[in-house]
Amino acid sequence: MTTATLEKIDHENYSDDYIRSILRKVNVIAMVGASANWNRPSYFAMKYLQQKGYRVIPVNPKEAGKEILGERAYAALTDIPVKVDMVDCFRASEAIPPIAEDAIKIGAKVLWMQLGVRNDEAARKAEAAGLQVVMNRCPKIEYGRLSQEIGWMGVNTRVINSKRQRRI
Amino acid sequence: MEPKNKAVAASKRAAENASPYGFDTLQVHAGTAPDPTTGARSTPIYQTTAYVFEDADQAASLFNLQSFGNIYTRLTNPTTAVLEQKVAALENARAATAVASGHASQAVAFHMLMNPGDHIVSSSKLYGGSITQLGVSFKRFDWHTTFVDPDDIKGFADAITPKTKAIYAESLSNPGGVVCDIEALAEIAHKAGIPLIIDNTMASPYLCRPIEWGADIVLHSATKFLGGHGNSMGGVIVDSGKFDWGQNDKFPHLSQPSPAYHGLTFWETFGDMAFAVACRAISLRDLGPAISPFNAFMILTGMETLSLRMRKHCDNALAIAEFLSKHPKVAWVSYAGLKGDRYHALAQKYLPKGAGSVFTFGLKGGYEAGLKFVDTVEIFSHLANVGDTRSLVIHPASTTHRQLTPEQREAAGAGDNVIRLSIGIEDVNDLIKDIDKALNAA
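If you're matching them up, the sequences are chains A and B in order.
Per this note's numbering, numbering through the first sequence is continuous, rising by one, with the last residue being 168.
Per this note's numbering, numbering through the second sequence is continuous, rising by one, with the last residue being 442.
With the rest of the complex left out, here is chain A (with noise of 0.2 Å):
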């Protein structure tokens, strides 16, 4: 019954395994509009996920040759000299098209764009081109609900897990 095509993703409600699987593969993220003061909600982001394990390089061109939290700013996704796996997007919906290109450009894997922002035509570009696409969503609210860590706040992770291992 399986079938070897992509399966079409409905981006109003993602599963927590399409989720999971792209938290689980990526390392290296790359995070357009990361903001060097602290209490922008992109420091936060890459604070957390930095946390959790993964690299997050900032592409800021006001920042570009600076550092944020060790890890120098780039002033485009062409311009970072390593692998990047995915492109988290803090960015208007609207300045979503070339960031996605660049995407494609660089060989991201996954195109990712916070809560609140949702491009559907550059997120089928991406998915043509064979990356992954999250819209409107959080990597590191995602990555403490399925970790169940976010529960501690009192949020609603729609998880239930009968094992010891906490994991995403």
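No lab work stands behind these hints: they were computed from the structure.
Ideal Cβ positions, reconstructed from N, Cα and C, are used throughout, including at glycine.
It is possible that part of the hints are untrue.
One-sided excerpt, in silico: chain B residues whose CB lies under 8 Å from chain A [said to hold, decoys possible]:
1) P34
2) P36
3) Q66
4) N70
5) R74
6) T76
7) A96
8) A98
9) G271
10) M273
Derived contacts from chain A toward chain B, CB cut-off under 7 Å, selection only [said to hold, decoys possible]:
11) E149
12) G151
13) W152
14) G154
15) R164
Chain A is fixed; fit chain B onto it per the hints.
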């Protein structure tokens, strides 16, 4: 450089809270998992005030709300977190924050929404203690409440002013058996750009899930049916995650940089869990009514049998209401589960599985008959609480409403002939015999 259109995000994510599991599975399993260190299957009671930081950097991250973790039990506790997740899952909500009592849930939730001079439009059919809290004590914070009869839906819209920050009502009111038209109230609130807050204590999420009818925030006195055994105080604030706090400038504590967190903006940073997080990180932190971990444990243990108890509570209550309605000593019965009751149609819509187990009836004999009734019952306990496994009774005119004039008692639904029952889960035939004996003595 930050994401915009959070409103779209919130509404699109609303459906996402729905669980693939049934209610009876969630009430047992939601929020719980074996303890990773010891393998303990029952939720451990983490009876601790504070938690050791991994290092200075992790400590700073926790205080900045950048990491998920525990600092101090006034803010979070792993036992309490299980209770919070369980209630959030059963209410089909995004998140919940537990506090020391139902009253504390009201104080904390309104503290997050209100500024001095602000206003609440509330149903007049609330638990008496809530009427006093909103109508009298909140005035000292310069928070003002207009009470509207829940039968007068248009009255809620008429009472809204530019300072109004919420509409408040009980899904099933205590003690009158009044059922609120949640869907109609949600429409009025959302048109005004304010949230609908529903106290769902009397119904519990097994009988009614207000968020599915448009409520944005749900409050509970967990002391009642959630815990269910009359042994522990607790309250819960439930955040649907559906309300757009940035749609207007009415909620600066959520939509503007917070001076209590060095300019962090809760709505932007936490999105659809912003209200629950802010209730914890600001109002619970600074007002201080934390629930004890032991009470959280007692309540979450009680919740594992919520649906079983509620079914028995409702079956018993309906049988007793039917018995009373035919009894020659009884003048009237106010129970929305009875055919012919004025709230029966609304109960069919919002509480199809049962109209709860707290209701009032009137004795033909008046004040003295009421005293005789509560003194004669042997299984029913004469006390001021509801939502216990045990059946409870009170004569409001001689107790909770004693200080009022006869006219005020009548207006409050606590006239001289009124008896309030909270039907437990005992054998219904024993309960009926106990009532019959007391009625014949009254």
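(message) So, as I understand it, the hint says G154 (chain A) touches chain B; can you test that by seeing if any CB pair is closer than 7 Å?
(response) 3 Å, holds
(request) Hold the hint about P36 (chain B) up to the distance rule: shortest CB distance to chain A must be less than 8 Å. (result) Interface hint status for P36 (chain B): holds (5 Å vs cutoff 8 Å).
(request) Could you check if Q66 (chain B) really has its C-beta closer than 8 Å to a C-beta on chain A? (result) 5 Å, holds
(message) So, as I understand it, the hint says N70 (chain B) touches chain A; can you test that by seeing if any CB pair is closer than 8 Å?
(response) For N70 (chain B), the interface hint holds, since the closest Cβ of chain A sits about 6 Å away, which is under 8 Å.
(request) Under 8 Å, Cβ to Cβ, is where M273 (chain B) needs to be relative to chain A, so tell me if that hint holds or is violated. (result) 6 Å, holds
(message) G271 (chain B) was flagged as interface toward chain A. Is the shortest Cβ-Cβ separation under 8 Å?
(response) For G271 (chain B), the interface hint holds, since the closest Cβ of chain A sits about 5 Å away, which is under 8 Å.
(request) Report holds or violated for the interface hint on G151 (chain A), using the least CB-CB distance to chain B and a cut-off of 7 Å. (result) 5 Å, holds
(message) Is the interface hint satisfied for A98 (chain B)? The criterion is a beta-carbon contact with chain A at less than 8 Å.
(response) 7 Å, holds
(message) Restraint: E149 (chain A) near chain B, CB-CB cut 7 Å. Satisfied or not?
(response) With a minimum Cβ separation of about 4 Å from chain B (threshold 7 Å), the hint on E149 (chain A) holds.
(message) Using the nearest Cβ pair, does R74 (chain B) come within less than 8 Å of chain A?
(response) 14 Å, violated
(message) Can you verify the interface hint for R164 (chain A): is its Cβ closer than 7 Å to any Cβ in chain B?
(response) With a minimum Cβ separation of about 5 Å from chain B (threshold 7 Å), the hint on R164 (chain A) holds.
(request) Report holds or violated for the interface hint on W152 (chain A), using the least CB-CB distance to chain B and a cut-off of 7 Å. (result) 5 Å, holds
Consistency with the previously given hints fails for number 5 only.
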